[in-house]
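As they're listed, the protein sequences go chains A and B.
Mapping of the first sequence onto numbering that gives the first Met the number 0: residues 0 to 332, in sequence order.
Mapping of the second sequence onto numbering that gives the first Met the number 0: residues 0 to 321, in sequence order.
Source of the hints: derived by calculation from the structure; they are not laboratory data.
Any given hint could turn out to be false.
Unchecked claim - What the simulated footprint calls covered on chain A by chain B, stretch by stretch (three residues with Cβ under 8 Å from a Cβ of chain B suffice, anywhere in the stretch; the number is not a length):
no., segment
1, 127 to 134
2, 247 to 255
3, 283 to 296
To be verified - Chain A is nowhere near these chain B residues, computed Cβ spacing over 12 Å in every case:
no., residue
4, Ala38
5, Gly46
6, Leu97
Idealized CB from N, CA, C, for every residue including glycine.
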Amino acid sequence: MAAGRAAAITIVRHASISWLLAVVVALALLLVPGFAAPGNLANVVTQASALGLVAIGQTFVIAAGLIDLSVGQLLGLSVVLTCALGQGRPELLLPVLLAMLALGAAVGIAHGWMVNRWRVEPLILTFGTLSILQGIIFAFTDRSVGRAPEALRWIANERVFGLPASGLLLVGAAGLAHLLLRRTRFGVRLLATGNDPESARRAGVDIARVRMLAFVLSGIGATAGGLLIAGRLGTGYPNAGQGFELDAIVAAVLGGASLAGGRATIVGTVAAVVLLGVISNALNLLEVSAFVQTFAKGLIVVAAILATRARPAGARRPAAATAPRAASGIVGR
Amino acid sequence: MIALTTRPSWNAASDALARWAIVCVLAILYVIAIVLSDAFLDPVYIGNILRQAAPVGIAAIGTTLVMILGCIDLSIGAIISFCAVVCAVLMAGEARNLTLAIVVTLAVGAALGAVNGFLVVYNRSSSFILTLGTALAIYGLTQIFSGGTARGIVSPGFREFFNFRIAGVLPVLALSLLVLTAGAEAMLRTTRFGRQIYLIGSNPEAARIAGLPVAGVTFACYVLSGLFAGLGGIAVLARSGVSSTFTGRGFEFDALAAIVLGGTLFVGGWGTVVGTLAGALVLFIAFNLVNILGFNYNLQLVLKGAIIVLASAAYARLGRDR
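Same shape as in the complex, but just chain B (with noise of 0.2 Å):
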């Protein structure tokens, strides 16, 4: 009996340590951050960073349900292109166009993820090859679309929304990625669809057999992918404000890093989407505390390669992945 109760705490404080090591990098981070740099104290600063990790935080909430799944999204790189491009085309320039911008370049982001979701529930094959196959069908269609230069004109007043600092201190666009993030995690923790999301992901087959419809479940999980990495396009448009055709190149590994870092394991079953956000600002902090000490651009992206390999190697030390 005391084997019986003990062991569950002591796996309940495994878990525990696992779902929240992220959150403690993030906060033994900062504290180094402003040890290194009083820049990091100024929320106007801390808006700025929030604003930077919006465009792959937002494309990583998405991509977070797929590999709750056990599934790999890697086409999102080149649906943000694909989307960034349609909505400033879509927008050219006029201040009335910018609703049916944003509409239709949302519905092509879901539809973009639902041509993933049928392939990968029709053909149950590898999804990483598969959205690998679309990515590169995707970055054809962007560069035939744009012409292979940046094409199409931002609506006056839809960069000026979304940077706009509410009190001051929070663009609208770090406020954004907030809210769906916070959005996005009651769907996963509150809903039927949430729960059978990661039901899905534990185990497949036990799914299967007790009737979960997995194959439905499969291909909204893609089709809302696609709609995050459409929104990911449009909040790319919106710090950039122009829109060339490999705007999103490899956002889907950025995406797979922060995923990866928030504690979402590739076997499924186990992952959240707040731990996702953490990811992502963990490695848009280092990336600014790389910049503020003055090194270059290289070392940002050796420190990147480190941290990811450190921490999938201090998960996996966690024992939460086999």
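Just chain A, same shape as in the assembly (with noise of 0.2 Å):
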């Protein structure tokens, strides 16, 4: 019985956004006029990539109780480079790919060393490095610079087939990273580690080395959104990544990952940017002004958090959310 409910909540639970999203969009289809014109859906789609890109390696962060409030400024920092140093020339696309590329992964071992070493709680420590990356952004320039290669401008404006390729990179990214999370070892050590850390550790799970990978999985989703963004302005404009991070947590979250670790699916995050992306077009095509949307978008956010997360004092998450090897019962932070 009480598994399945459990399970049952656990269905509902994960459902609830991708239902929440097809609600939206058939409303948006029916009484937003312009909404269903292929260059708009194209549109909505093509806005959404960057930041499914920087939510997905959020989620591993988020799903193993930590938190990287630094890909914002990652992701600027990556767009005024790749511009900067690609300057548009076709023979420098692969080396500027590579290198951002493994800027994101350097920025995440650092981060991991950091709270791995000196046992910093992760929420400060990449606010500081937010900071930290910002100053370097604004070192480097205080306007935008450079001009983005050829080939990223084609994925984040073109279509193939007539569907936008940055759309099918975001989906090709997200199967990965749905296969990473729930079909490897690596996966189910990432849930382990954030459902109950000291438990995973007696179980044999190194936390150290998957904390160390979930970081390096958001700072190369942060870079690789910043290529796309790159893409889409042409130029490497400073502030290009102010907020992403937020927005990135946000898109987490009501996708149902669980702040406190141990839980999170790639499919809900996608949704979430998906939706977050449908309702700002939707806004936009009917002249609701950006303030008004700053507050909607404010307001979504809390009922949301309110319609899936209320739960009476001492309830356990539903054990079967969290991986298979973890044990329950320990609700962290």
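Combine the two chains into a complex, taking the hints into account.
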């Protein structure tokens, strides 16, 4: 009985964001003039793709019971460097691409190292590195620099068989991330670490390594998102990454991730990213001011949390939602 | 028996070190500052640094209480912005509106804090994401209310009062920071409410079983956090004289940095308001030092980040983090 109920709760909780997305899209198709135009739908996907990559990375970090506030400025740094180093020259595309992914990995390794070695609270650590990265960006430039390589502009703006290339990229990345989280030992260990680090450690999980890899994935997600933004903007705008960190966290949480760790789904995160994009697009088409949109977004976040997270005192998380090997019971932070 | 008597005293030494670490850091940084520039010997300049630190420092007082409870409040930057706009609009450039404007502004701050408190108490979910959501909503309200530009005119005498230097040295705004900090610290140490905050923060479950009013204290701390953010909004207005939509943007993280530098822990049950003030002063003295030495703003950002990372690493080292 209890297990069945827990499983039912799990299904409802994980499916709720997808249902919400379906309802909102249906309403938008029916009520918002211009929403159904193929060009507009492609636009929504294109705009969601960069945030999608960042949010997927953030989902891994949150699943491990950590958080990464630095992703916005890391994305900004990647935008600026891609354009400044690439200068739109095709022969430099591959080196720049690899350098940016390596940059993301390196920042992730630094975060993981500091969390493991110094036991610093990840929230405050990554706020510190956010500030450092912002300083580095503005020491480098205070205005738009360089030019994005042609191939990146193509991926960010063009379509393949009528589908936006960046959307296909997002789907591919989400598929890989989903398999990594659900079908590999690393995924199991990640969720176990987030659920209860001490039990995971006793069960033989190298939690330091897991945390390090989670930060690396987050860093790579951020710089990959930066490549897409660079392609869309065409030039290295130093403020490009502002606010991405909070949007990514909001998307992961709306998608069903628990900030206490141990619970997260890639499908939910991507659905939440698209949901945020659809709402913003529909409100734009309805000519609702940006001010009201910000207000609405805040209300949506609070309402979604209230709808999905209300639980009586002392209630445990449904065991089925966490990793099989994790010891249940103790809710983190 | 020996073990019983020596261990606690060693722990007490470690406790004392953690408690006063930030004051030591502040003293060392100040000595370095004096060596590098004799401007730091000028009392008027010290008054200026205190005045600079006032908006973040005042707002951080309320958030410190929330953090001692083991929760977090990311909406204070938004509340500061909203309150600054509300206050400027209500003053409308008339001296007779001054009292009403300040009272209403503080009520608005406390009311927004009450919304946060209600949500956190009712939902028992992560205060991080809830206050992130209310922050967005409040920024939206601020933009709607202000129309996206600076709005409202401060009353004549408002800025003059807060920037008046007592005995030609200490601005009223700086004095307010010191008085509010001392008041909050006294409240934490001497009142039953203060002790309840620490007890709940160190073990909410035990506090609930022991019959402490966990919900009531949590709610009250969020109301205070909103109220101090309202005071912070007034302080921003007193410093700059203009209220733009994003006056307080990012203040929540600056406050968080000051709080963590001051030795307050994320897990709750530990922290002081005086530490938070010292943390804020460390940040602002470091910023001023960067300016005086002729480096630009970018280095301030890097330095801020480095101070935050290193300080939290040092606290973890002192063994108080786990």
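Hints and how they fare:
{"no.": "1", "hint": "127 to 134", "verdict": "holds (count 8)"}
{"no.": "2", "hint": "247 to 255", "verdict": "holds (count 3)"}
{"no.": "3", "hint": "283 to 296", "verdict": "holds (count 9)"}
{"no.": "4", "hint": "Ala38", "verdict": "holds (24 Å)"}
{"no.": "5", "hint": "Gly46", "verdict": "holds (27 Å)"}
{"no.": "6", "hint": "Leu97", "verdict": "holds (28 Å)"}
In summary, this structure violates none of the numbered hints.
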